Amino acid sequence: MGNVCGGASGQAVDQHGKPLTKVTRTKGTPKAATADTPAAAPAAPATQTPAAETKTEAAKPPAAAPADAVPPAAASPAAAPAVAAPADAAAGKKKLKVYIIFYSTYGHIEKLAREYKTALESVGDVEAHLFRVAETLPAEALEKMHAPPKPDDIPVMETGKLPDADAFVFGFPTRFGMMAGQMKNFFDTTGQLWQAGALHGKPASMFTSTATQGGGQETTIMTAVTQLAHHGMIFVPTGYAAGAAMFGIQDAKGGSPWGAGTLAGPDGSRQPSEVELEALRVQAKHFGGIAKKLAA
Numbered sequence: 001m002g003n004v005c006g007g008a009s010g011q012a013v014d015q016h017g018k019p020l021t022k023v024t025r026t027k028g029t030p031k032a033a034t035a036d037t038p039a040a041a042p043a044a045p046a047t048q049t050p051a052a053e054t055k056t057e058a059a060k061p062p063a064a065a066p067a068d069a070v071p072p073a074a075a076s077p078a079a080a081p082a083v084a085a086p087a088d089a090a091a092g093k094k095k096l097k098v099y100i101i102f103y104s105t106y107g108h109i110e111k112l113a114r115e116y117k118t119a120l121e122s123v124g125d126v127e128a129h130l131f132r133v134a135e136t137l138p139a140e141a142l143e144k145m146h147a148p149p150k151p152d153d154i155p156v157m158e159t160g161k162l163p164d165a166d167a168f169v170f171g172f173p174t175r176f177g178m179m180a181g182q183m184k185n186f187f188d189t190t191g192q193l194w195q196a197g198a199l200h201g202k203p204a205s206m207f208t209s210t211a212t213q214g215g216g217q218e219t220t221i222m223t224a225v226t227q228l229a230h231h232g233m234i235f236v237p238t239g240y241a242a243g244a245a246m247f248g249i250q251d252a253k254g255g256s257p258w259g260a261g262t263l264a265g266p267d268g269s270r271q272p273s274e275v276e277l278e279a280l281r282v283q284a285k286h287f288g289g290i291a292k293k294l295a296a
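Note that UniProt numbering has the sequence shown beginning at 1, numbered continuously upward.
Rather than coming from a laboratory, the hints here were simulated on the basis of the structure.
None of the values given here were measured: they were computed from a predicted structure.
Please note that the accuracy of each hint is not assured.
[Stated by the list, open to error] List of simulated lysine-lysine pairs, DSS-like, C-alpha gap at most 25 angstroms:
#, residue 1, residue 2
1, Lys117, Lys253
2, Lys161, Lys293
3, Lys94, Lys111
4, Lys117, Lys95
5, Lys285, Lys93
6, Lys117, Lys150
7, Lys95, Lys285
8, Lys94, Lys293
Between the sequences and the hints, there should be enough to build the whole structure, so can you do that?
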């Protein structure tokens, strides 16, 4: 070789006369790099084994993932693209708004109205609000009639707020086979809404009370439907949906296919019976379901 020569003792020396040191390599020891041989890449650091892990455990093959294991990519929330929520879900589902508007002299219709509200809201996605119409009789007359005071927790209905509702329920006692004058007076104040068609297409239901069975259970509601017709509203009768509560003839009771009702008695002392209230609840749920379909 051009850069190596022999010395006096026969030992190999380099070009400067310095003896070359013989490197003894054991099997498996990497050869030392020379100027003409590039150095080997540093070995990758050995993976640190936890102290608690034994050789036996290290020798075991990795455990199979459970069958229902979720891949890391799927389990990470960041991996899934953001999906915008539907507009109605973000804003909250709109409920059907129903105004229950009534007139009551002795409390019979008021009791039916409160019961109607409870049953109507059990339908789901329905919010019902109670209102009473203004009294037209003077306080002196009401006192002589022994009429109880009006409920403080139920406000008087303002005509201008009627268009805010999606549906209506009207309750009123009879006066000689027709609605009480206080309710008729209320309808007479809706002329501007009639001109604008503000109530057109809105569903409505009715209930009533009379002194006796033949005192106008049917005709009171029948004649009141004219108010709805002129506004273009949709009258929703109950028919015989209440079943046994309608067909039974053992006891005197109010109600008809036109709408629920109660008998107050000649002196107003009789209160709504459970059979009458059950027929009213059936009507409320029936009306709620129909009104929701019409508003959809």
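Q: Below or equal to 25 angstroms on CA atoms is what counts here, so check Lys117 against Lys253.
A: Roughly 21 angstroms between the alpha carbons, so the hint for Lys117 and Lys253 holds.
Q. Are Lys94 and Lys111 close enough, with their CA atoms no more than 25 angstroms apart?
A. 28 angstroms, violated
Q. Does Lys285 pair with Lys93 here, judged by a C-alpha cut-off of 25 angstroms?
A. 20 angstroms, holds
(Q) Hinted pair, alpha-carbon criterion (25 angstroms max): Lys94, Lys293. Please report holds or violated. (A) 13 angstroms, holds
Q | Holds or violated: Lys117 to Lys150, with C-alpha atoms at most 25 angstroms apart | A | Distance of about 18 angstroms is within 25 angstroms: holds.
Q | Given pair status - Lys285, Lys95, alpha carbons within 25 angstroms | A | 15 angstroms, holds
Q) Holds or violated: are the alpha carbons of Lys161 and Lys293 at most 25 angstroms from each other? A) Distance ~23 angstroms between Lys161 and Lys293 Cα, so the pair holds.
Q. Is it true that the CA of Lys117 sits at most 25 angstroms from the CA of Lys95?
A. 14 angstroms, holds
Checked against the numbered hints above, the structure breaks only hint 3 and satisfies the rest.
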